[in-house]
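Student: If you want the building blocks of each chain, they are given just below.
Number of protein chains: 2
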Amino acid sequence: MRHVLRLREGDAVEIFNEKKEEAVGRVVKVGRCQVTVSVESVRRYTPQLPLIILACAIPKRSKFESIIEKAAELGADEIIPLLTERTEVRLKGDQLKKKSIRYQTVAVNAAKQSQRPDVPVIHPAGDFMAVLERLSREAVVVMPSLVGERPNILKAFQAISQPQKIAFLIGPEGDFTPQEYTLARDHKCVPVSLGETVLKVETAALVSVACACLYYRHV
Amino acid sequence: MRHVLRLREGDAVEIFNEKKEEAVGRVVKVGRCQVTVSVESVRRYTPQLPLIILACAIPKRSKFESIIEKAAELGADEIIPLLTERTEVRLKGDQLKKKSIRYQTVAVNAAKQSQRPDVPVIHPAGDFMAVLERLSREAVVVMPSLVGERPNILKAFQAISQPQKIAFLIGPEGDFTPQEYTLARDHKCVPVSLGETVLKVETAALVSVACACLYYRHV
Numbered sequence: 144m145r146h147v148l149r150l151r152e153g154d155a156v157e158i159f160n161e162k163k164e165e166a167v168g169r170v171v172k173v174g175r176c177q178v179t180v181s182v183e184s185v186r187r188y189t190p191q192l193p194l195i196i197l198a199c200a201i202p203k204r205s206k207f208e209s210i211i212e213k214a215a216e217l218g219a220d221e222i223i224p225l226l227t228e229r230t231e232v233r234l235k236g237d238q239l240k241k242k243s244i245r246y247q248t249v250a251v252n253a254a255k256q257s258q259r260p261d262v263p264v265i266h267p268a269g270d271f272m273a274v275l276e277r278l279s280r281e282a283v284v285v286m287p288s289l290v291g292e293r294p295n296i297l298k299a300f301q302a303i304s305q306p307q308k309i310a311f312l313i314g315p316e317g318d319f320t321p322q323e324y325t326l327a328r329d330h331k332c333v334p335v336s337l338g339e340t341v342l343k344v345e346t347a348a349l350v351s352v353a354c355a356c357l358y359y360r361h362v
Numbered sequence: 144m145r146h147v148l149r150l151r152e153g154d155a156v157e158i159f160n161e162k163k164e165e166a167v168g169r170v171v172k173v174g175r176c177q178v179t180v181s182v183e184s185v186r187r188y189t190p191q192l193p194l195i196i197l198a199c200a201i202p203k204r205s206k207f208e209s210i211i212e213k214a215a216e217l218g219a220d221e222i223i224p225l226l227t228e229r230t231e232v233r234l235k236g237d238q239l240k241k242k243s244i245r246y247q248t249v250a251v252n253a254a255k256q257s258q259r260p261d262v263p264v265i266h267p268a269g270d271f272m273a274v275l276e277r278l279s280r281e282a283v284v285v286m287p288s289l290v291g292e293r294p295n296i297l298k299a300f301q302a303i304s305q306p307q308k309i310a311f312l313i314g315p316e317g318d319f320t321p322q323e324y325t326l327a328r329d330h331k332c333v334p335v336s337l338g339e340t341v342l343k344v345e346t347a348a349l350v351s352v353a354c355a356c357l358y359y360r361h362v
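Read top to bottom, the protein sequences are chains A and B.
Under the working numbering, the first residue of the first sequence carries the number 144, and numbering increases by one thereafter.
Under the working numbering, the first residue of the second sequence carries the number 144, and numbering increases by one thereafter.
With the rest of the complex left out, here is chain A (with noise of 0.2 angstroms):
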């Protein structure tokens, strides 16, 4: 705010956070590492139905991050790093500390440059499992599938008429095993086809969220 935006005492300036409030308001001084800023009004900015969740296996070197542009650009709001039975990308301690801090940078810059109102949420790495069971709770879960039926999933759209939050799980370059694939379907997971060639870990990702953001919002 003070070296790029050269923002000064009294200049008004428009903020928003991750919980999708905006405020508006003004400068009321500028420090070494520290603006002040008096907050006139908050609004919350009201998201475009359904949420999308991108829940992901963590691809290996830094794809993720790749996604996570993607997905931000497309209009995701939420991007869950997941670990399934074959990702073998774990991170722990400060390596991870580290790569939440760039996932979270990745996530700013997409949104800005494609000139969305708001920063998805980038939650931290969670189990197979423990996303599943979550997900399946409060949204419909899709999951794009190299095997068994499996709709296109844009056919598969038609059969959920307006939901509310709707996420996708996306495999790792291995696939899910046969395990994951019997656990989603326990959960009601809607299996998926996303065309007739096999699609890179972050090529299905994208796919999904932009069908989605075209079926479901861009009406």
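Any given hint could turn out to be false.
Because identical chains share one entry, a pair is satisfied inside a single copy or across any pair of copies.
[Said to hold, decoys possible] In silico DSSO-like pairs for lysine-lysine, Cα to Cα no more than 27 angstroms straight-line: (1) 162 with 343; (2) 162 with 298; (3) 235 with 163; (4) 255 with 241; (5) 163 with 343; (6) 343 with 235; (7) 343 with 206; (8) 241 with 308; (9) 241 with 331; (10) 241 with 163; (11) 343 with 308; (12) 235 with 255; (13) 242 with 163; (14) 235 with 203; (15) 206 with 255; (16) 240 with 203; (17) 308 with 255; (18) 203 with 298; (19) 308 with 298.
For the record, the hints were derived by calculation from the structure and aren't laboratory data.
Given chain A, work out where chain B should sit, using these hints.
Tutor: Below, chain B alone, put in the same frame as chain A:
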């Protein structure tokens, strides 16, 4: 064939080329730089309709390779690097030759990885006007647009029934110029929206191809 597949005289092989021909045969001779195969039968692989053509502005750095990779993965049949007024990358001579070979390699690898039975054709880069004229003669041309009246791409597809060829014109980072938009309109391009956020070139390209595959081919 010699070093990786370790083929020997008498081994059975399946070969395919970019003309969508598949041949079955046997290795007759393995030389140092050349393998001779006696072809027993050739069949033409019948592509799914509509043919999907992606004409996409060339972004900076190696992003066009990533566009080729994703488009090939998703099922595009032809890819045209597009030179628009605001395209900064213009390759020439040796650099262009090298790039073309690299593009083809990327397409072949992505096709293999995604388990599709053919490889998309990568055309030489073409100027907006020339590409527009050619495409509008032979395909329904769809143009994701950031300005003007433009229905959601999935809605727009409802009005385009059973096309034989569908082409997408994807603009550069700074968007198409007003002149290019006018030319496109004169050539009966269909303007569409890809959602409410502003997408990067590569994201717009891949959302377009994914939607076309899911909407028309994978019913």
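Student: Work down the list of hints and note, for each, if the structure agrees.
Tutor: Now for the hints, and whether the structure bears them out:
no. : hint         : result
1   : 162 with 343 : between (32 angstroms within a copy, 26 angstroms between copies)
2   : 162 with 298 : neither (33 angstroms within a copy, 32 angstroms between copies)
3   : 235 with 163 : neither (29 angstroms within a copy, 48 angstroms between copies)
4   : 255 with 241 : within (22 angstroms within a copy, 36 angstroms between copies)
5   : 163 with 343 : between (32 angstroms within a copy, 24 angstroms between copies)
6   : 343 with 235 : within (25 angstroms within a copy, 33 angstroms between copies)
7   : 343 with 206 : both (11 angstroms within a copy, 17 angstroms between copies)
8   : 241 with 308 : neither (30 angstroms within a copy, 47 angstroms between copies)
9   : 241 with 331 : neither (35 angstroms within a copy, 51 angstroms between copies)
10  : 241 with 163 : within (24 angstroms within a copy, 48 angstroms between copies)
11  : 343 with 308 : both (25 angstroms within a copy, 26 angstroms between copies)
12  : 235 with 255 : neither (29 angstroms within a copy, 35 angstroms between copies)
13  : 242 with 163 : within (23 angstroms within a copy, 44 angstroms between copies)
14  : 235 with 203 : within (15 angstroms within a copy, 35 angstroms between copies)
15  : 206 with 255 : both (20 angstroms within a copy, 20 angstroms between copies)
16  : 240 with 203 : within (17 angstroms within a copy, 32 angstroms between copies)
17  : 308 with 255 : within (23 angstroms within a copy, 36 angstroms between copies)
18  : 203 with 298 : neither (32 angstroms within a copy, 37 angstroms between copies)
19  : 308 with 298 : both (18 angstroms within a copy, 22 angstroms between copies)
The structure shown violates the earlier hints numbered 2, 3, 8, 9, 12, 18.
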